Amino acid sequence: MEPDAPHMKSKGLSTADYLAAEAKLTDDEKAALASHLAGGLGADKGAAFEEAEAVLRLMTWNAEPRVVEAMAKAAAANPHTPRSLAWALANDDEAAATLVLEACAALSDSDLVSLVQAGDNPGKMCAIARRFVVSAEVSRSLVDHGNEDAIHTLLANAKAEISDDAYGTALDRFSQSTRIQEGIIARPVSSSLAIRLASTLNPDLKAKFALKLASLMPVEMPGYVEERSDAGWAAHLAPMIADRSLTESWLVRQLSLGHLEFFARGLAALSKAPYAEVRAGVLATPPDFAPFWENARLPKDWIPVAAATVAALVHVDRNAGKADSELFSRNIIARASANFKAARINLNDAQKRIFFRPGGGMR
Amino acid sequence: MLTVEQVLLKIVALVVDDNADDQSLLALQLMGIGAKEVLTAKSGMEALTLLKARAQPVGMIVAEVRTPDGNGLQLLQALRCGQIKGMRPNATFVLTTAQPAVGIIQTASALDANGFLVKPVKAEKLEPVILKARRTVFPPNFARHADVFIPEKF
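Chains as they are written, first to last, in my numbering: chain A, 99 to 461; chain B, 3 to 156.
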C-alpha cells in the first residue's frame with residue numbers, strides 16, 4: 099500500500115527526494131513511508147533497493163521512535179530485509195529492537211551472540227529467547243549472560259536448542275529459582291541431566307519430575323532391562339513380597355548380577371513409592387534411595403553396601419559391554435569391592451556371601 | 003528519559019570539519035545543548051593526533067565525511083577497530099555531510115555510525131540525533147569493521 103503522504107511517492111524514492119521532503123512530512127506520514135519501504139524490499143537488490151535501504155537507514159538515525167518502530171515491524175516480517183538494516187534496528191531503542199530481534203531472519207547467530215554478550219537490555223534478551231529458531235550457541239550465550247527472565251523465556255521456547263552443559267549452567271546460576279528448575283524439567287532432558295536434576299531439585303519439583311519421567315518410560319536404564327509393564331512387574335513381585343523372599347540380600351544380589359531395574363522395582367514395591375521416584379533416586383549421583391529403603395523397613399546397615407553396588411553397576415555399564423552376563427557380573431563385583439574399600443565399608447557375613455564367588459569376586 | 007543536557011553534562015566532544023564555518027557552528031551548537039567542552043580538528047589525521055595526545059578520552063566525535071588527510075569514515079573505522087588508544091571502540095560517533103550519497107550511508111551503516119546529520123545542521127535536528135546517538139551502543143566487532151572498504155573519494 100502506498101503511504102498516505104501528499105508530498106511524495108515512495109516508488110523510485112531517492113535519498114535526495116526524501117531529504118527534500120523530510121521537513122514537510124508529519125510523523126504519521128514518515129511512519130507510513132518507513133513501513134511501506136521496509137515491507138517493500140524485495141529479492142532484487144538493484145539500485146532501487148539500495149536507495150530504499152539508504153532512506154530507511156537515514157530514518158533510523160533521524161526519525162522519531164514511532165517511525166522507527168513502524169519500520170521495525172515491517173522489516174521483521176520481510177524475509178528480504180538486509181542484515182545492515184536489521185542490525186541497526188536490533189541496536190535501536192528496545193521497542194523497535196525487540197520486534198526485529200524476535201522475528202527477523204537476517205540476523206546471524208554471531209549477531210545475536212554479540213548482542214547477548216553486550217548484555218545491557220533484558221527486554222532484548224527475552225526477545226532473542228523467543229525467536230522461532232534459537233541455536234545451541236545462542237542459547238549458551240543467553241544462559242551465560244541473561245537474567246532469570248531471559249532464561250525462563252528461553253526454557254519456555256520449545257524450538258530452542260539447549261545443550262546439557264547450558265542446562266547445568268542455568269541450574270548453577272539460578273540454583274534457588276523454582277521457575278528455572280520448572281522450566282528445565284518441562285523440557286526433554288537427557289539421562290545424564292535427569293540424574294543431575296534428581297539430586298538438585300527441591301522435593302516438590304523432584305516429585306513432579308519423577309512423574310514426568312514415568313510418563314516417558316521406557317528410558318534407557320543401566321544393566322539388564324526386562325520387557326515388562328508396570329502391571330507385569332507388580333504381578334512378578336507380589337509373590338516375593340507375600341512370602342518375604344524380597345529381602346535386602348536378594349535386592350543387592352540382583353544388583354551384583356546387573357539387574358538395576360529389578361532393584362528399583364523391588365524397592366519401589368516394598369516402600370510403596372512410585373517407581374519413577376525410586377528410579378530417579380537410584381540413578382542420582384551419588385545414589386539417593388535411603389528414604390525408600392527406610393520406608394521399606396530394610397536394615398539401614400545395608401544402605402551403603404547397596405549404594406556402592408549401584409554405583410559400581412552404573413560405572414561398569416557405562417564402560418564395558420554386558421553381552422557376557424557372567425563377565426558383566428564379575429566386573430560389577432570387582433568395582434563394588436573397590437568402592438567398599440574406598441568408602442571403608444566392612445561387609446558382614448551375609449553381605450560377603452553375595453560378593454564372594456569361588457574363582458573370582460571379592461576376597 | 004534523560005534530557006540532552008543530562009546526556010552531555012560531562013561529555014567532551016570533538017568536531018572534525020575542514021570548513022571553518024561549519025566547524026565553529028557545530029561546536030557552538032554542541033556547547034549550546036550542554037557539552038562540557040568541544041575540541042576541534044580540520045582533518046582525520048589532526049583528529050587522530052589530538053586524540054592520541056589526550057590523557058582523558060573524548061566522549062563523542064562528530065565528523066564531516068569528506069575531510070582532507072583522513073576522512074570521517076576512515077576516522078570512524080580507526081575507532082571501531084580499536085586503533086585510537088584510550089577510546090572505547092564503540093564510543094559515540096556521528097557523521098555529517100551535505101551530500102549523503104547511498105555509498106556513504108552504506109559505509110556509515112557498516113561501520114555502526116551512531117548518528118548521521120545532513121547539513122545544514124539545524125539546532126532542532128541536532129538535539130534528537132545526539133540523544134539517540136548517545137543511547138545507541140553497538141557491540142564492538144573489530145573483524146567486521148576492519149573488512150569495510152572505504153573509497154578514497156565519494
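Calculated from the structure, these hints are not laboratory results.
There could be a bad hint or two in this list.
When the alpha-carbon atoms are kept at most 30 Å apart in a straight line, the in silico DSBU-like pairs for lysine-lysine are as follows [stated by the list, open to error]:
#, chain 1, residue 1, chain 2, residue 2
1, B, K155, A, K143
2, A, K171, B, K127
3, A, K143, B, K121
4, B, K124, A, K122
5, B, K127, B, K38
6, B, K127, A, K122
7, A, K122, B, K121
8, A, K420, A, K439
9, B, K54, B, K44
10, A, K439, A, K398
11, B, K155, B, K12
Now the stretches of chain A that chain B is said to cover, found in silico as 3 or more residues with beta-carbon under 8 Å [to be verified]:
#, stretch
12, 207-217
13, 241-248
Predicted model, so just to flag it, every value in this text is computed and none were measured.
Just so you know, even glycine gets a beta-carbon here, dropped at the ideal spot from N, CA and C.
Each hint, compared with the structure:
no., hint, result
1, K155(B) / K143(A), "24 Å, holds"
2, K171(A) / K127(B), "25 Å, holds"
3, K143(A) / K121(B), "28 Å, holds"
4, K124(B) / K122(A), "15 Å, holds"
5, K127(B) / K38(B), "20 Å, holds"
6, K127(B) / K122(A), "14 Å, holds"
7, K122(A) / K121(B), "17 Å, holds"
8, K420(A) / K439(A), "24 Å, holds"
9, K54(B) / K44(B), "16 Å, holds"
10, K439(A) / K398(A), "19 Å, holds"
11, K155(B) / K12(B), "35 Å, violated"
12, 207-217, "holds (count 4)"
13, 241-248, "violated (count 0)"
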